[in-house]
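Residue numbers (the numbering used here), protein chains in the order written: chain A, 6 to 1129; chain B, 56 to 445.
Calculated directly from the structure, the hints in this document are not laboratory data. Each residue gets a CB set at the ideal place from its N, CA and C atoms; glycine is no exception. Careful, some of the hints might be misleading.
[Said to hold, decoys possible] Which chain B residues face chain A? A few, computed with CB under 7 Å, are given here:
id, residue
1, M221
2, D228
3, P232
4, Y233
5, I264
6, S267
7, E334
8, A340
9, T360
10, W430
[Said to hold, decoys possible] Below, in silico cross-link-like pairs of lysine to aspartate or glutamate (EDC-like), each with a Cα-Cα straight-line distance of 20 Å or less:
id, chain 1, residue 1, chain 2, residue 2
11, A, K76, A, D48
12, B, K265, A, E703
13, A, K843, A, D804
14, B, K249, A, E892
15, A, K642, B, E292
16, B, K379, A, D804
17, A, K396, A, D159
18, B, K346, A, D915
19, A, K443, A, E484
20, A, K746, B, D289
21, A, K642, B, E355
22, A, K1061, A, D884
23, A, K746, B, D263
24, A, K904, A, E892
25, A, K174, A, E482
26, A, K236, A, D185
27, B, K435, A, E938
28, A, K1103, A, E1086
29, B, K346, A, D946
30, A, K664, A, E748
31, B, K249, A, E482
32, A, K251, A, D235
33, B, K246, A, E722
34, B, K346, A, D913
35, B, K407, A, E965
36, A, K130, A, E851
37, A, K723, B, D244
38, A, K746, B, E181
39, B, K379, A, E748
40, A, K746, B, D341
Given next are the chains, with one letter for each unit.
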Amino acid sequence: MKKIITLILCLCIFTSLFPAYAAPAWPTDYGLHGIERQFRPEDKYVSEQNPPTFSWSAVTGSTSYDLIICKDKELKEIAYSQYGIVDNIFGFNYIFEPGTYYWSVRYNKGNTPSEWCPARRFRIKKNAHELTFPPIDEMIAGIPETHPKIWLKDGLDNLRSHGETEAGKEYIERCKAYLDEQMKNPIEPEPKAENFSDSDSLYYTLRMDICARVEKQMSYAAFVYLMTGDKKYGEYGVDVTVSVAKWDPNGVTNYYSQDQVHRELAYVSAIAYDWLYELMTDEERETVREMIRVRTQIMADDLINSNVSLLERPYNSHGVTALGYIRYIATALLGEIPEAEEWLRFSLPVVNIGDPVWTYQDGGWSQGTYYYLPGGRYDLLEQTGVFPTSKKAWNQNEWMFGLYQYPAGSVGAFGDSSYSAQNAGMLVGYSRMASTLKNGYAKWALEELGDYTQVENYSDGNFPVATFLNIINGYHEVETKPPYDLPKGKRFRDIGWASMHSDLADQKRISLFFKSSPFGSFNHSHADQNSFVIQAFGERLAIDSGYYAYGTDWEHRYVRQTFAHNGITIDGGQGQTINDMTAKGYLKEFITTSDFDMVKGDASNAYGGYINKADRYIIYIRPDIFIVVDDLEAANKSGAKFEFWINGLQDTISVYDSKDGARVQKNKAVLDAKIHYPSKVTPKYSNIFSGADYVQVETTASYKNHEVQTRVWFETEKLKETKIVTTLDVHRESENPQNIKKETGDGYIKMSFENGAVAYIKTDNRETVEADNISFKGAAYVENGSAYMLISGTQLIKDGKLIHESDKPVSASLGRGILNISTWDDAVIKHYCKDIEKIVDNEGNELDRGIGVDYSYDNEYINLNADKGDYVFIINDSDIKPDINMESSVPVIFDGNTKYVAAHQIKDIDGSITFHGRLGNKEGMYKINSLSEGMNIKNADKGEIIYLEENMRFSSYGNENPYIDISTVTFPEYSATEIKDHESLKEACDIFIEAEDFKEITGVAHTYTTRAFLSGGAGVSQLDTPQDTATYEFEVEEDGYYDFCIKQVAWNYGTKRQFIIDDESGMFECAYTNGYGSVPEHWTSIKLSTRTYLTKGKHTLKIMGLNFNTNFDWFGFVKNEEVK
Amino acid sequence: MKRIISIIMALSVCVGCIPITSYAWMTKNYVSYFSSQSEDVRGDVYLYDDYTTDVIGESPKNYAVNKQGGNAIVNYVDTGDGKGKNCVVITDTHNPGANDYVGPSATRNFDSVGGIVSVEFRFKSEKTNTDIAPFNISIMNGNASACSIIMPSNNGVLCYGYGDGMTLPLAGDIMIPYDEWITTRVILDLKEGKADVEVVADYLKETDIKFSALADYDPKKGRLRYSDLSIRSDFNESEINAVKFATNKWEGKQYIDYLIIEKDASRLNKRDVKGIEPEYITFSADVPSGKYINIMYGNEYCYLTDKAYIENSTTFVSLRDLKKIFDISYSENDMMIICGDKKFSISQEDVKTVNSVLFVPARKILEGLGFSIEWIAETKTIKAAKGDDK
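Could you put the whole structure together from the sequences, leaning on the hints where they help?
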């Protein structure tokens, strides 16, 4: 007792001698320039997962962390906690009560804890996806101890039962057939280093050819053995796997020369090892195991054991993928090598809890559409019973990313290679999402992309037989659900992307994609915050320019630059910082309605300090006009010249002679961009790969023959601050641009649109705009007869009546009984809403803290105390979804005979009627005799002859009585006379057309310039299928009968092509040439006795592919004097 | 003429001061100072450093040398024509990594001079241990830079710099060739805040390098000219008093042959450089596109707030749109539409309600009120005129 008293006394003396202990502060800089692991959930986040996963930036030297989740922001009332966490991520093993929480973390260095980091608020959404994270010991204990284990969650008998279904049998037979062929060949020897001298040969030859083949052999053989027990295939699989195991892990397939090859060999071998285990001798097992161990340890040393591992710095795209593979490898080898458990203890939580690092829960993918790998394909651990990946909020939301940001009919948007169309990986992804989530929209998206066969045949070198999971999960049986009832716009809040579509279901839709992303310009992202991409009628109009060549000077100096995107620069093309995670944008507000959409982005952080303000608002006046408002302030007190950029494909941009706008036209799709403010802008243009300095940036060698994209930019005068107000009118060539009436007022411009919408845009920095009967404090205001929208404002008064008031800028719209609010911060809002009897959110929830909003109502105004977020409130049971259950039919007149084809009829909440259907036609050439107003079939115009694929889609807008009148077109064959001396025939031509001088080209046909000896130095290539067409306009000087002439190469006998001269159709057989045109001697010419009567004036010629391959140099017409 | 004479006088003085052998090199690449290019009017020599009287192995006279990471001394150098003379040689042996930009420098300070000032120098770069030998020649007032000629550390392309990260590649998209003498002249207009730049080098003669469309290129002379370039927007001085030759980041050797500063210089003759001309089109959207029904009244197109529609060949327009356009009123009790002194009675069958909005047959009512009506199909326009306005 004495001792204790002495100790207390000593302590008292000690504490009186020293000031009170101050806990170390939480650091503000982690020394990783923004690529440290982020705090999640971020402050004021709404979690769609219960509980959310937690992560924070690692603190150097910390030994553990304490995590608390409290009910109050003072962090006094702890609801949930975990102390002594070793890693900087954590997932709880139990469900939280839904509600609002504040979380914080502190680090410990030994026994010394830091202060708690600032509290971050999050709310668990009602009906959030429930997912708990078992302790690592529990997960490891759940992994079977015997082989086989991968995919065997429900046991081998169950797995094999899927092989007994018709689809399963067919799949296994395909695998066997492949293996039977492969078994005829010797086993692939180890590739020799000297054959792979550069990154292209390492990637395309070593990875995608040699190793992909070997991995396919291993996985197919192991799979067939697993499913059937057929030793013939199993033993072949053992032979291949053992052979690969003898390849030197430090040889040509080493981690540092081609990491994808290295990791895939290890991972596929591990699964083959698991499935073929019982067929292997002990020696073979040891050989394979050791190879896998060595290769995996090399990866682990880089990703797990390095000074800064993926825990601290997770933004390593290949690293994260490799760590995912390490999970599978370690699962396969657990209990056999000690390293396996170490790898699992690191990789399972880092991937299961910490992923996806390129987003969080929204289903998006900040690395861009090209790098988006549909996640459902890689849920091997779920099938093994280790972790239910598909229950994560991100996986649950993933189907929307493809549907909104990468829909069929559009190429992608943003990031490296964003111009790439969807590949088979998307088909497989949709099939997995459809089957795993039982999601009919994903099934519909899959069907829109087309060729189903790839769902089961797809192989990208990762794990070829993973496609069998599609059969297991039964994607065939999921009922298709078209997205007619989904909103036509969508924001992906974690990645800062948004899209606005005229119609999700129509592949010829008008789409605008917008980005302002907190993931900066790092890795596969470009310096394109606040930029947009527009695609319409199946064409790319305002594009992300450039071609993908990672890490090259070309990419750094052109592709990644802001001027190669549709954004804002200053003073000669100076844009945002490239390759920088801290060059962030923020997508702050977003609303989508049936009348207007809006999005606001803030890119001011992305410009390296020389722009103080860079807000961009895009207002969508549905269905075809966008207003872009840029609110800009230079950092320099003397101001800057601001530049507004639009990029287009080759030869697509022309500038108005009024100098205040430009037209982008690709085939029949047109974008008219007009600058309405400021009044003085200077247009500039480049048709080389350059910015405003006109210094041509050379492409990498592989893109030398790709088309050179063009751009126009509008430069303001030197100004300290300005607004730039631009309208983007998207229409078809056959439609006139809209007459937008502009009136300039005191501090604003007013624009009236043909559909009755009126927009008031603030053009200076006054607080309040007074215009007509409107007064508002905000960026803009739009209205039509049924709805209005205040854009980023605090007050709206109409006819003297207060309509909206808020303590922070918010965007708000009210129309058709729906109130939308979007606020970047917590806000107190008062909004005029008369006669509310009932109000719920769009999921039917009462307005309360559970959805983040308190409200009161005083018969006139609704008073909201709203958390940061987007809200849709439904007033008095108003319809918020279109009526989609109107099965209908549309009359189609085929060759004069009317038949009715089934169509979906949709009545939107604005009363507009849309039809979507399919013609029920056979593939072939058709003449469009007549279409009802608003009808779109492949953008065809009346009188046009076009190729229609089988059962062609059509869509009709705004017409309750649509119809289609088409007739089949025959192509009589004309005899062709070969004239080898094509130069003399060229000389004889009265009318001459260079093949590359087309007015329109479709499909994959394109100009090719690799044959300098051709007339004009170029020709047209790949005019091969009926979808590949080239259309020409030519002038005839004298009436008369003419014969059609062509200079061509065709290296298959029986190559035929179709043509249409004005209304006259025909077909001819090309002359066979002994080569594809690489040398002048290959080329020949033919003359057809078409005897076409051409009158003086303009005419059109259309050439279409049909079969085999051709290249064309020129076309011509020779007068036929023999015809009377 | 006076000016030319004064130049000749100045030259005479200059020539008198410099040993004749020391400027034989100048015939090789200089921009225009000693050339016979009649289009150039030169300023008065304000400062001329050719280092011929400097001591080899020591710092150049009148220069402040920072030796961090290397040194800047005078040495005897082959100046490109087989002959040699004293030049300043800045050697950077400091290669510490991506984030350390410090390197040796030599700064020529002089009495402040304003107006239009020409700064001309001849230099070459030599690669040592790194692929790029960055160089930055800044024209300054104290620590404030007006503009610079730079070879950035990330690509070694010869650029004009006018702000942080703001650069104009002067001689194409290529790294400058090492061991090639390059003469550069910056004519700085401190009143206008603009600069003209000239570059001359042998490697620029008759080359297929793709230059900026902003450049005025003379292939025979190997000369590029740029007019009216911006200077740094944060440079607020009206005079300059220093030229700083500095290396940074990577290793390399830089040679400076001479530095000439002229005051009262003249701007370059401007060429009308337009960049690349686009195809111009006449954009016309003076009439409605024809997508929506609209009304033309008083030669003005009026767009309808409520979407009008056609039913059985009759066009229905909302009553509130008609009210707005034609200043009419509607008496609901007796279903009477009034426009000035004209009245027109409508029947219940005429009125359609769509989403709580009243629609009425436009032609029937407007003609009933004395308007003449014409339908323009192409623009979907109901053209209305008062009876006496037809």
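Results of checking the hints against the structure:
no., hint, verdict
1, M221, "holds, 5 Å"
2, D228, "holds, 5 Å"
3, P232, "violated, 16 Å"
4, Y233, "violated, 18 Å"
5, I264, "violated, 10 Å"
6, S267, "holds, 4 Å"
7, E334, "holds, 4 Å"
8, A340, "holds, 4 Å"
9, T360, "holds, 4 Å"
10, W430, "violated, 15 Å"
11, K76(A) <-> D48(A), "holds, 14 Å"
12, K265(B) <-> E703(A), "holds, 10 Å"
13, K843(A) <-> D804(A), "violated, 26 Å"
14, K249(B) <-> E892(A), "violated, 69 Å"
15, K642(A) <-> E292(B), "holds, 14 Å"
16, K379(B) <-> D804(A), "holds, 15 Å"
17, K396(A) <-> D159(A), "holds, 18 Å"
18, K346(B) <-> D915(A), "holds, 17 Å"
19, K443(A) <-> E484(A), "holds, 8 Å"
20, K746(A) <-> D289(B), "violated, 40 Å"
21, K642(A) <-> E355(B), "violated, 44 Å"
22, K1061(A) <-> D884(A), "violated, 55 Å"
23, K746(A) <-> D263(B), "violated, 49 Å"
24, K904(A) <-> E892(A), "holds, 16 Å"
25, K174(A) <-> E482(A), "holds, 17 Å"
26, K236(A) <-> D185(A), "holds, 13 Å"
27, K435(B) <-> E938(A), "holds, 12 Å"
28, K1103(A) <-> E1086(A), "violated, 34 Å"
29, K346(B) <-> D946(A), "holds, 16 Å"
30, K664(A) <-> E748(A), "holds, 19 Å"
31, K249(B) <-> E482(A), "violated, 71 Å"
32, K251(A) <-> D235(A), "violated, 25 Å"
33, K246(B) <-> E722(A), "holds, 19 Å"
34, K346(B) <-> D913(A), "holds, 19 Å"
35, K407(B) <-> E965(A), "holds, 17 Å"
36, K130(A) <-> E851(A), "holds, 13 Å"
37, K723(A) <-> D244(B), "holds, 18 Å"
38, K746(A) <-> E181(B), "violated, 62 Å"
39, K379(B) <-> E748(A), "holds, 18 Å"
40, K746(A) <-> D341(B), "holds, 9 Å"
Of the hints listed earlier, those the structure fails to meet are numbers 3, 4, 5, 10, 13, 14, 20, 21, 22, 23, 28, 31, 32, 38, in rising order.
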